[in-house]
Amino acid sequence: MDLFLQQTLDGLATGAIYASLALAVVMIYQAIDHFNFAQGEMAMFSTFIAWQLIAWGAPYWLAFVICLIVSFIGGMLIERIVFAPIHNAPVLSHIVVFIALTLIFNAFAGFIWEFTIKQFPSPFPSELPFETTLIGPHELGVVGITLVMLVLIYVFFRFTPVGLAMRAAAANPVSAALVGISVKKMLALGWGLAATVGAVAGMMIAPKVYLEPNMMLGVLLYGFAGAVVGGLTSPAGAVVGGFLMGVLENLAGTYIIGSDLKLTFALVVIVAVLLFKPAGLFGRVVVQRV
Amino acid sequence: MALLEVNNLVASYGPIRALHGISFSLEEGSVTTILGANGAGKTTTLRSICGMVSTEGAITLGGADISRVPTEQIVRQGVAHVPEGRGTFTRVTTEENLMLGSYARRDRQAIKDDIEQVYSYFPRLKERRDQQAGTLSGGEQQMLAVGRALMLRPKLMLLDEPSFGLAPLIVEELFGILRRINQQQKVSMLLVEQNATLALDLADHAYLLETGRVVLSGTSKEIASDETVRKSYLGY
Amino acid sequence: MDNVRNHRSNPAEKFELFGVQLPKLRMMLLLIGIALALFLPLVVANFAVFQMTQVLVYAIAVLGLNLLTGYNGQFSLGHSAFYALGAYTAAIMIDRYEIAYYWTIIPAGLICFVGGFLFGLPALRLEGLYLALATFALAVAMPQLLRYEHFEAFTGGVQGIDVFKPDSPIPGLSADRWLYYFVLFWGVLLIIGAWNLVRGRTGRAMIAIRDNPIAARTMGINTALYKSVTFGVSGLYTGIAGALGAMVAEFVAPDSFTFFLSVWFLVGMVVGGLASIPAAIAGGIFILYMPNISESVIGVFFGNDPSAKALIWVAFGLFLIFTVYVVPNGLAGLVRRFVIRYAIRRGD
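Sequence lines, in order, name chains G, H and U. Heads up: the first sequence begins at 207 in the working numbering, then just goes up one per residue. Heads up: the second sequence begins at 5 in the working numbering, then just goes up one per residue. Heads up: the third sequence begins at 3 in the working numbering, then just goes up one per residue.
Mixed in with the good hints there might be a few duds.
Derived list of chain U stretches under chain G, where covered just means 3 residues or more per stretch with a C-beta under 8 Å from a C-beta of chain G [unchecked claim]: (1) 180-191; (2) 196-210.
Taking lysine-lysine pairs in the DSS-like style, the calculated list, with each CA pair at most 27 Å apart, reads [said to hold, decoys possible]: (3) U/K26 x U/K16; (4) G/K390 x H/K225; (5) H/K130 x H/K116; (6) H/K225 x H/K116; (7) G/K391 x H/K116; (8) H/K130 x H/K225; (9) G/K324 x U/K16; (10) G/K414 x G/K324; (11) H/K225 x H/K235; (12) H/K235 x G/K391; (13) G/K468 x G/K483; (14) H/K235 x H/K190.
I should point out that these hints are in silico values taken from the structure, not numbers from a laboratory. For every residue, glycine included, the Cβ atom is placed at its ideal position computed from N, Cα and C.
Could you build the full structure based on these sequences and the hints that come with them?
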């Protein structure tokens, strides 16, 4: 029983990271109807920036905040510079550009910081204030930070005028323009937010998997799986899906398939959900009109 | 000086020309209607004014040229567009739709007052204020669209076929409210309608569009009594 | 009477480029290409032959992807998986079962056809982005699957399998050259196959499905069958490329077949141009030489710094973006535009 609880709680911690990535993916998907395949590499790059700041002597939380700001601005710039010109281009063009971004971030990180693995510090104390074998301090911290971030984002979208405007711009760009919303600005903001969320995810997972340019590919896959399971049209669903994938990954790994086939597991989940319940748990089915 | 002046407006969708150089004007405080059959170019005209279509020619609002200005800016100058199909933000609530209508404004308290005013024009919306807008009926969504436009405190309201798909009683109610809005709030209106009888009843002036050209213009009385209009558009 | 005399069945014959009728020009270029393919390896060094062989292998792989995406409109970020499947099939047959290398190609192709077809079945329900996502997942999962310890007896686990370059049965012809002609043989066969496929009814059905799947269905085309079969054929091509590639590289290992290999193929296809068979060869050339050229250029600025090598991929990425913006139809598109622009109509 203990093992089950341990694995579940640990799964929630990794799930928190998948949930963050899933949220970032869904946010961008809602805004531009495309999957940001480069989300993981962007998060990795952000994490490296934080690492560099810490290596230069900055205290953790200062580096954390600066990293968030830089990621936000970076995300906005990428949208404005790279994606605005191909807004109306065919799907393949978008996919190619996303892949190109993946390459560029991955290689650039490798160029600047090399491919050797690095330690990334965890900001959480090495011991919990209370006794338990069920969950480690870092894992608990990850869940905590993620929940705080998710709450902030929820409040932002639900209760602020800009959040409302962003939702409107994503759902109905034409009507949004007609009430004076600059859809371009909203898109850029959305990308900035997604990049920031990704940065948090990266910084939270780096202590566990060690920082190197290829660290996020598998994580991103699980993030996608979470988004698909939750429903690509539902940010809340994506978050639930992410947590679910974290827990399932651990439980399946412990009890069924061993830890060596985790990526295949994600693949199977993605294909199965897309086939049998494409709207996921919480999403809506989009009917294509002839 | 007219509030809105359009001179020799040519509008195209890619290589296809939809408007072949139309001219008309709208006096401040008036209701002007543009009539015509399907495909005549009525919606294109409204879209051109809002900067949503590529155009040549002059469009001036209160004397200032708006033909090259992006849509969001035109809106901020006081032009509220009630689009074809209502353009409801279906996934947010009724009240959030109204809030979005006031996005371009900064005066917090006045916005609250204006919401109440919209509810006084459209009591049914107040009943549904926290409901997801997509669950409202067609007539209610149309009222919501007009209410949202009102939230801008516009100088000019553009309405694209507001009667479309609505039951006659609802339409009568709606058009009555439009008249009150025009008179009480001094909102000028440019109304595009297929239903000529309704439109001519509400409007002061009318233009008739046929395949992208203005073929007739005058006061609504004149247009209503015109022989061809009566036969082709009014049905008698 | 003049009208009758000038009535030709091929409208391209009316146009000239550099003073030569278009169809004749095409034939000339084709003959030059064939001559180069046949005789160039005999005069250049072994290493250059090795590179030419690699180009051919990549070209076949890119051709496979192009059949699926360019002609049939189904995206795949997962072709590294089919390449791996073909490569491992060949390697296992040669190393574990001691089957001669020339017998491995067809089985590798068939296995990959089946694999492609099977993946194509669920893919029927997935469009555009979703299919890209599913194939992305396939590509990311593949290396881990290949490393799986329970398959180690077959796959050699992390170490992979060594494949020895086949000996040349012709005295005087080096092993590298022999392998080149072996690959060339299959390449030509596959290109002719693709050419026939695309020109015929199947090709038209594939293209119809790409351009308007709903209309295609109303015309009576069994879209499900065609799409799955196309996936299978695409897998077959890339799988055969993998099998040949295994012999060229002389080993297979899980980390050779990552998601980034799929990116290679995608790049080759996009740069070469969609829906074009010669484009595949251009793509193959690009995949091979672009990194080399970039490496030289970067070497000028950064010397031998190994992490500077990573900049090649940055260059690649930038090049890709440039292609999408400026030359969205790839080299093939450029050629088409050039011909349209400069071909002169002869007097009617």
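Evaluation of the provided hints:
Counting residues of the stretch 180-191 of chain U whose CB falls under 8 Å from any CB of chain G gives 0; the rule of at least 3 is not met. Residues of the stretch 196-210 of chain U with a Cβ under 8 Å from some Cβ of chain G number 0, which does not satisfy the need for three, so the listed coverage is violated. A threshold of 27 Å between alpha carbons decides the hint, and for U/K26 with U/K16 the separation of about 11 Å falls inside it, so the pair holds. Only pairs whose Cα atoms come within 27 Å are accepted, and G/K390 paired with H/K225 is rejected, the gap being roughly 45 Å.
For the suggested pair H/K130 and H/K116, the alpha carbons sit about 13 Å apart, so the restraint of at most 27 Å is met. Of the pairs offered as hints, the one joining H/K225 and H/K116 is violated, with about 39 Å between alpha carbons and a cut-off of 27 Å exceeded. Straight-line distance between C-alpha atoms of G/K391 and H/K116 comes to about 26 Å, which keeps the hinted pair within the 27 Å bound. The suggested pairing of H/K130 with H/K225 is violated, with an alpha-carbon distance near 36 Å, which exceeds 27 Å.
Between G/K324 and U/K16 the CA atoms are separated by roughly 65 Å; this puts the pair beyond 27 Å, and the hint is violated. For the proposed pair G/K414 and G/K324, the alpha carbon gap of about 11 Å is at most 27 Å, so the pair holds. Restraint check for H/K225 and H/K235: the C-alpha separation of about 15 Å stays at or below 27 Å, so the hint holds. For the suggested pair H/K235 and G/K391, the alpha carbons sit about 50 Å apart, so the restraint of at most 27 Å is broken.
About 21 Å separates the Cα atoms of G/K468 and G/K483, which keeps this hinted pair within 27 Å; it holds. Using a Cα cut-off of 27 Å, the hinted pair H/K235 and H/K190 is violated, with the two alpha carbons roughly 33 Å apart.
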